[in-house]
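Turn these sequences into a full structure, and let the hints guide you.
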Amino acid sequence: MNGQAALDRGRAPVPGPSRSSSFPNFEVEELESGARLWTLDVQGCGLVTAVLLMPGGSELDIPERAGLASFTAGLRGAGTRDRDALEFAAAAEDLGTAISTSCGWENAAVATTIGAEDVAAGLELVAEAAGEPAFLDEEVERRRRRRLAEIERRRSDPSAQARAAFARAIYGDTPYAYPAIGDRRTTQEITREDIAGFHARALAAGSCHLIAVGELGHGRVRRAIEETVEPQLLPHARRFEAAARNLEPAPSSPPARRVVVVDRPGAAQTELRIGHSGVPKRHPDRVRLQVANSILGGKFMSRLNLTLREKHGYTYGVSSAFDFRRGPGPFVISTAVANDVTGAACRKTIEEVERMCDEPPGATELDDARNYMVGVFPYTLQTIQGLSSRLQTLAVFDLDHDEYDRWPEQVRATSDQDVLEVCLRHLSPEGLTIIAVGPADELLPQLEGLGTTEVQAAG
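Using our numbering, the first residue of the sequence shown is number 132, and each one after it goes up by one.
In case anyone wonders, no lab produced these hints; they're calculated from the structure.
Errors might be hidden in some of the hints.
[What the hints assert, rightly or not] Straight-line Cα separation of at most 30 Å, DSSO-like style, residue types lysine-lysine; simulated pairs: (1) Lys479 to Lys412; (2) Lys430 to Lys442; (3) Lys412 to Lys442; (4) Lys412 to Lys430; (5) Lys479 to Lys442.
Okay, here's the thing in structure tokens:
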């Protein structure tokens, strides 16, 4: 009898025992500039991913210049002291690579993935983009036009409108309330002087991290960093501790449930965001909250998806997430539903949040969540970019260096009572903010009684 004949296709295969995994060894050292160098050697891959993490994330934005951090980050490498944007791009292409720039809440980054033999030349371009941006007038205006076009596009995107309305409702006047891209007014008002000033202040606000992952050779990357990146960082050395203390935004937590309807007359469906402020990345309950969230809405077989999608057919999919940041990031449930079931979907969602706070999960439910989380973790370590991303998280949030070796065991050790206790501490069914983007005339009668209600115009 062959294998195909013996296979019973009427029964799902039984998963095998979970395998242990460990994070590869890496090294951390402090450079003369005060920057930290993180290195992880992956022999045989022939590539190196190098990322320079700099101060200057969107948490430093102010309301009058919302979007300035990401505006500045996007212009690094779009022309430097010695080359215009085309010349800089051509220099990277000659090496078979590109220099990418990005901006998160906590930091900005300049990065490249390049052949190991060309790593010195690639790092020279990274250092040039980070330390010598020209902020050319024509590039500032080009970037402004692109951002204004993206902001206009988001005005017609109900999902983007829901995210923006949720952030405003949760975070009030703190930096987390504003889209990282800014808005039309601030984008039009940002000047080249604002950008150059922000860049200078950001560099002075703290030390940098340089993460290098790949085929590093015997001291090759270290020597290249000393020759290229360090000269750009030395003028800003040793300024980190004094300037990095006032970055956590204070969230605005409503004392009672609140409903905000963003009116989009004629919309065919309603975008929903339901949640409240969460906890910082370094909170001691973080791992247990990740397990709780997996049960609530962090995977396909979650309570929310089984209730709203499988049982009631309200949506194609629903998810929940804690966005852990330096400050208390949001806890948010996201979905889209037909207009006529919006009220019912909101009530069922609230019931599931309440259930997380009323009773511990069952044994099978908890095992499924823990096994899923531990099982998918190794997939994030398959590439040098994935490994680099993990090291960046350690660097940005100053996590323990054995974080990824301890994390699977912390997940497995999370009990049903642990889940219940963290939900009681950090989930607030009565303090939820509900954002509904859709036709107000259809939604308001359905949402009556869920909380204090206000209507906002779309856009």
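Verification of the hints:
1. Lys479 to Lys412: Between Lys479 and Lys412 the Cα gap is close to 29 Å, so the pair holds against 30 Å.
2. Lys430 to Lys442: Given pair Lys430, Lys442 holds - Cα atoms ~16 Å apart, limit 30 Å.
3. Lys412 to Lys442: violated, 34 Å
4. Lys412 to Lys430: With Cα atoms ~21 Å apart, Lys412 and Lys430 stay inside 30 Å; holds.
5. Lys479 to Lys442: holds, 11 Å
Violated hints amount to a single one, hint 3; each of the other numbered hints is respected by the structure.
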